[in-house]
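A.B. asks: So the chains spell out like this:
Protein chains: 4
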Amino acid sequence: MGRILMKGNEAIGEAAIRAGCLNYFAYPITPQSEIAEYLSWRMPEVGGVFLQGESEVAVGYMVFGAAGCGARVFTTSSSPGISLMSEAISYIAGAQCPAVFVNIMRGGPGLGGILPSQADYFQATKGGGHGDYRLLVMAPAGVQEAVEMVMKAFPLAEKYRNPVMILGDGLIGQMMEPVEFPDELKSEPSNKDDWATNGMETRKSSRRNLVKSLFLDSEQLEAHNRVLKAKYDRMRREEVRYESYNLDADYKALIVSYGTMSRVCRTAIDILKAEGFEVGMVRPQTLFPFPERAIEEAVRRKSCKVAVSIEMSMGQMVEDVERSVRGRCPVEWFGKAGGDVPIPEEIIDVIKSFVKELI
Amino acid sequence: MGRILMKGNEAIGEAAIRAGCLNYFAYPITPQSEIAEYLSWRMPEVGGVFLQGESEVAVGYMVFGAAGCGARVFTTSSSPGISLMSEAISYIAGAQCPAVFVNIMRGGPGLGGILPSQADYFQATKGGGHGDYRLLVMAPAGVQEAVEMVMKAFPLAEKYRNPVMILGDGLIGQMMEPVEFPDELKSEPSNKDDWATNGMETRKSSRRNLVKSLFLDSEQLEAHNRVLKAKYDRMRREEVRYESYNLDADYKALIVSYGTMSRVCRTAIDILKAEGFEVGMVRPQTLFPFPERAIEEAVRRKSCKVAVSIEMSMGQMVEDVERSVRGRCPVEWFGKAGGDVPIPEEIIDVIKSFVKELI
Amino acid sequence: MGRILMKGNEAIGEAAIRAGCLNYFAYPITPQSEIAEYLSWRMPEVGGVFLQGESEVAVGYMVFGAAGCGARVFTTSSSPGISLMSEAISYIAGAQCPAVFVNIMRGGPGLGGILPSQADYFQATKGGGHGDYRLLVMAPAGVQEAVEMVMKAFPLAEKYRNPVMILGDGLIGQMMEPVEFPDELKSEPSNKDDWATNGMETRKSSRRNLVKSLFLDSEQLEAHNRVLKAKYDRMRREEVRYESYNLDADYKALIVSYGTMSRVCRTAIDILKAEGFEVGMVRPQTLFPFPERAIEEAVRRKSCKVAVSIEMSMGQMVEDVERSVRGRCPVEWFGKAGGDVPIPEEIIDVIKSFVKELI
Amino acid sequence: MGRILMKGNEAIGEAAIRAGCLNYFAYPITPQSEIAEYLSWRMPEVGGVFLQGESEVAVGYMVFGAAGCGARVFTTSSSPGISLMSEAISYIAGAQCPAVFVNIMRGGPGLGGILPSQADYFQATKGGGHGDYRLLVMAPAGVQEAVEMVMKAFPLAEKYRNPVMILGDGLIGQMMEPVEFPDELKSEPSNKDDWATNGMETRKSSRRNLVKSLFLDSEQLEAHNRVLKAKYDRMRREEVRYESYNLDADYKALIVSYGTMSRVCRTAIDILKAEGFEVGMVRPQTLFPFPERAIEEAVRRKSCKVAVSIEMSMGQMVEDVERSVRGRCPVEWFGKAGGDVPIPEEIIDVIKSFVKELI
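Residue numbers (numbering that gives the first Met the number 0), protein chains in the order written: chain A, 0 to 358; chain B, 0 to 358; chain C, 0 to 358; chain D, 0 to 358.
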């Protein structure tokens, strides 16, 4: 099958199906309702289930239920809807179940607006829910990458028995781009007999599996949290993904940006390069684990005077950039949070002004 | 009135009343249900209202409703309950309403356990909900400080028209300590006529106030988020609170810890001092804004070889310590997350081992 | 205090207050929302509570909660809202708690319309909820009577420890009539210490009261149901209320009608009388207990050829008329169920045609 | 397929499947949870859906949703659960949608007990919900009849576009009896294209169907209610079902009883007959429409001195018996309502005492 032109939201839905996911629970919310619309007819076509919950709170627990049975399951929502799932996400992570969440972010806080935003960076990477857990968070910069990330998300969720979140924005969901789907995945997680509560009769072994996040005994809860921490540390070692841009040049500034925002930055870098003004970029593809080392190394280049976090939020990723830079150069932030995506000219002006200040 | 011996949870409830708060909405959850129990009879006694919601989701919006009318309002819960309030908290912050939240943290994630924990540091300081907002977060180390923080929380919430969160743990809630209550506050926020929807007839002016977080126009949402950011930047300048301990000595290590955890650290520091091994401590009293500068300055002391974040969580505050230290010395983490509070001997061993490694 | 002109809905609200009821829980629904509006400011004025529930299901259980504590409590709703309270009503009756319900009926079934109707006769008199219980049901024909019935409803509910329902229609709620309020009631049910769960400390005795409807043992449940039946039989003996009209004449037909419908019938009877055509009427003021004996006696008059149930419903009260008449004469039904109240001319034509048929 | 031994609850579930019903929504409640358990695995086996709702309120509206799309749908519950569905049932009847409800009654009111009961007779036959509507109500006396009634219920619901209710009790649900299933039904209601909202593309015609119960205009609502009344009158003419027992004898008393209660009465009649004491019985198989004429005719027999309504409730069906008897002989009631089914000896004593009184 070759490339086809698809809207981002529909491509995300189709990607889940190609990933062998037959369980989709959701509650509609702009700007991602097309995913639910698409899967409302596509899921039955492949023998899968789409169920609209009574609320996002209910959806979160439907996801938990299916995940606990070892079924491939995902949901999609937008910012306020994800907040309503916070408790369930913490439970799923605590019970070590695999599940895939897609957040097509809208402007916030509160009702906010329905235009593109990256304002849920903190919620996704630092845990909107309570307790010590982490989501593996991926941020696509286009429709093709969104498809690939969704399809990778399921095996990653199963490898770590942990929720994976795809963090997109309204542009990713609404734009049309040519897409080529990777090979389909097998429909069953490979290891689920070891932990999932899928009924005694369907398992070869005679184990009784128990899915839970309750550990009233302090030693058990401590041990449980050490198991979780070991997983998150392993993610930090094995799952960091990022893309470098123009890092061979002697750049004066390093941009860190992700998602659709990074595409504008790339254009700005190209324009600046034509002017003889070199700027490099690290684009995190995983937001947790964060490419700390790549950024730390990038700012070691002598020519680099400043690291700039460019985000469609009021200063969230910049904190991870600060941690990564470890004081090697100043860290600046530039962002917007109303729904208008900054244009290349704004980026160019900002970068120049930051560099100028430092000279 | 002199000092009286009170249980932490009850003292927190009484403090809200002394702060002139007559509206308390809550849903019971261990280990803070005594607050609801206490206020169930105490609120009516002072002409106030305690209403148990149908769920924490409902409670969050009851708080929003009262706050939007300009009434002093607070709620208390524990970790999973706070997750369920995430959406409402984002709405309240987005609509710029004052409200006070108390989170007596329990072990997590998921159901976890009911023993003391500090595992909701991220949720409180980085925003459990969606969108660009911040809570002003205070962490008491004892019952007296809890009382003072609760009583300060109301005027701070009103000054910034922003939710304030008190982050305690089960020990704070359950222990009994002598308490002296500060002078009572006036029962009415001073500025509420300017923004609250408290009914046309009761206001002197003829303004129509509107409480909302919806801004569909991108320029309006952008402007709104800049207003919010300006508030959070002002908090960073004006509201940082912390306590230093043994910073006059030539300490080899700097501990950063908060809440009840810091009391154990203090004992460990005293024991080590008796041995001639100097260790300093910065105890953040506000977690947002975080005492970044105080920590940065503290690690500049030549003798200081390492900064250690000691927390009853699996590595959350350590990220803010890393940001604050800005690469000036190594940053280490030590923590537990099962409900057992580390004892001084553990702290002593850990600090010594970190320092030893570095020599 | 003399007579004042009041809208029915507001007069009903005021009557509850004069009856010493300080607890009102409700969810707004046309055509009775003015009761909630009125009590939203009037209840606080007298130190009472108005709480809007999250739904009528919630309201039903708020009523149960307050009733179980021995507090005077009432709620008001309209047809679909009462359906949602069906389970709670059965629980309240089963647990023998006093409470007052007002149903300002709208057209049905389903969403129906918002115009006057008497279509919930069956629901009110035969029990919308499950199990063997009865409501004491009163049906006012005007605003003054609505006020009196509401004020009688509380002591009756307390006498029988059983829910009482006032069944009105949109006309009762919307029309304005001069009202004179009876003397106020004491604010406390007299017998509540014997059964209500109002807290050990506030009672003189040391009894532990238990409010429940669960009796898993068949003998206990049987005994419980016999107690309930004895109460309903006592109501049948002691609480039947009705009004006779023109029963001294040698009427050819007996009308049975209630509520606002009966006012139109009365006009029709007056017109017919002027023509020399005598028609009598029994107007049930209590629908349960139903004035069976009064009707049976009325149809014994030799001149009486037919009994006609005239109701704004499609044939509900007619069944109770049939039971009462016991075959002594034919029983006919006339009704409308769209919201238009029949006019006297329609009644006249109908009565004449029924009588004509029989001659 | 021959006879198989099955538990009543499971047989009811299987019957729905044989009737071509592929949609089952329910919330578990004793004493009928086995139906949900059975269908939880059986529905997927035949390509159907079992969905457990969040509450019975939700289930009622799931049923409405599926019914409105023209799908065969049913639900099962027990007394309090049916109360929670009252509003939805009224909506479904008002919108003229076919659906099948099974109520395996438990003792009431309120929580009551879990033993057999017939205490929801009024709720089923007089409408638990609001407004002018009727359910077609069938009451099986054994497992085989339950199966047949469930299978007839679907085409009847579709013929009348009205909810049908099967009223059983815990004995029907729990007992095992040999069952033979009738031929399977086609899986699709025949007339659904005329009214169901099943999507434009799947219909041959180009009609836009609208499923609703809202008629704000009084003339439209009146016309709508006349259409409904005409359906209920047609049911009264065409759908009355009952069984006679010993009506050829010169019986001194006529028993009216239904469901499992009637089986005990039959035994009592046999014992009495052996003594030379003749008693007849009419067993309503449909409770609405009620076999009024059959009963009226039966009491015309000269030997008949009394009609006795024997029911596991405190006097509900007796009212319909009174209406049917039309004063031709005395009507008595005997019943229990605790969960213990009366034994034949009790029936015998009661009948004898009633007859004795009259002589």
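Read the hints as simulated data drawn from the structure, not as lab findings.
Treat the hints with care, since some could be wrong.
Simulated crosslink set (SDA-like; lysine to any residue; CA at most 20 Å straight-line) [what the hints assert, rightly or not]: (1) D:6 to D:176; (2) A:301 to B:326; (3) C:301 to D:325; (4) C:228 to C:244; (5) C:301 to D:326.
Just so you have them, the derived chain B footprint on chain A, three or more residues with Cβ under 8 Å [claimed, not checked]: (6) 75-81; (7) 140-148; (8) 166-172; (9) 209-218.
Going by beta-carbon spacing under 8 Å, a handful of chain B positions derived as facing chain A [stated by the list, open to error]: (10) 45; (11) 46; (12) 47; (13) 50; (14) 127; (15) 128; (16) 217; (17) 218; (18) 318.
Each residue gets a CB set at the ideal place from its N, CA and C atoms; glycine is no exception.
A.B. asks: Next, verify each hint and record whether it holds.
C.D. replies: Now the hints, each set against the structure:
1. At most 20 Å may separate the alpha-carbon atoms for a hinted pair to count; residue 6 (chain D) and residue 176 (chain D) meet this at roughly 7 Å.
2. The suggested pairing of residue 301 (chain A) with residue 326 (chain B) holds, with an alpha-carbon distance near 17 Å, which does not exceed 20 Å.
3. Annotation: proposed proximity of residue 301 (chain C) to residue 325 (chain D) holds, straight-line Cα distance about 18 Å (limit 20 Å).
4. Distance restraint check for residue 228 (chain C) and residue 244 (chain C): the Cα-Cα separation of roughly 32 Å exceeds the 20 Å cut-off, and the hinted pair is therefore not satisfied.
5. For a cut-off of 20 Å, the pair hint linking residue 301 (chain C) to residue 326 (chain D) stands: about 17 Å separates their Cα positions.
6. Counting residues of the stretch 75-81 of chain A whose CB lies closer than 8 Å to any CB of chain B gives 3, so the stated coverage by that chain holds, three being the minimum.
7. Note: the stretch 140-148 of chain A has 0 residues with beta-carbon separation from chain B under 8 Å; the three-residue rule is not met and the coverage is violated.
8. Residues of the stretch 166-172 of chain A lying with their CB closer than 8 Å to a CB of chain B number 0, which falls below the three-residue condition for coverage.
9. Taking a C-beta to C-beta cut-off of 8 Å, the stretch 209-218 of chain A contributes 8 residues in contact with chain B, enough for the three needed, and the coverage statement holds.
10. Interface restraint check for residue 45 (chain B): the shortest CB-CB distance to chain A comes to about 31 Å, outside 8 Å, so the restraint is violated.
11. The restraint placing residue 46 (chain B) at the interface with chain A is violated, with a minimum CB-CB distance near 31 Å, outside the 8 Å limit.
12. With 8 Å as the threshold, the beta carbon of residue 47 (chain B) stays out of range of chain A, its nearest partner Cβ sitting at about 27 Å, so the hint is violated.
13. This hint is violated: residue 50 (chain B) has a C-beta 20 Å from the nearest C-beta of chain A, more than the 8 Å allowed.
14. The restraint placing residue 127 (chain B) at the interface with chain A holds, with a minimum CB-CB distance near 5 Å, inside the 8 Å limit.
15. The interface hint given for residue 128 (chain B) is met, as the beta carbon of that residue sits about 5 Å from the closest beta carbon of chain A, less than 8 Å.
16. About 4 Å separates the beta-carbon of residue 217 (chain B) from the nearest beta-carbon of chain A, less than 8 Å, and the hint is met.
17. A hinted interface residue such as residue 218 (chain B) counts as satisfied when its beta carbon comes closer than 8 Å to some beta carbon of chain A; here the least separation is about 6 Å, so the hint holds.
18. A cut of 8 Å between beta carbons decides the hint on residue 318 (chain B): the least distance to chain A is about 6 Å, and the hint holds.
Hint check: violations occur at hints 4, 7, 8, 10, 11, 12, 13; the rest are consistent with the structure.
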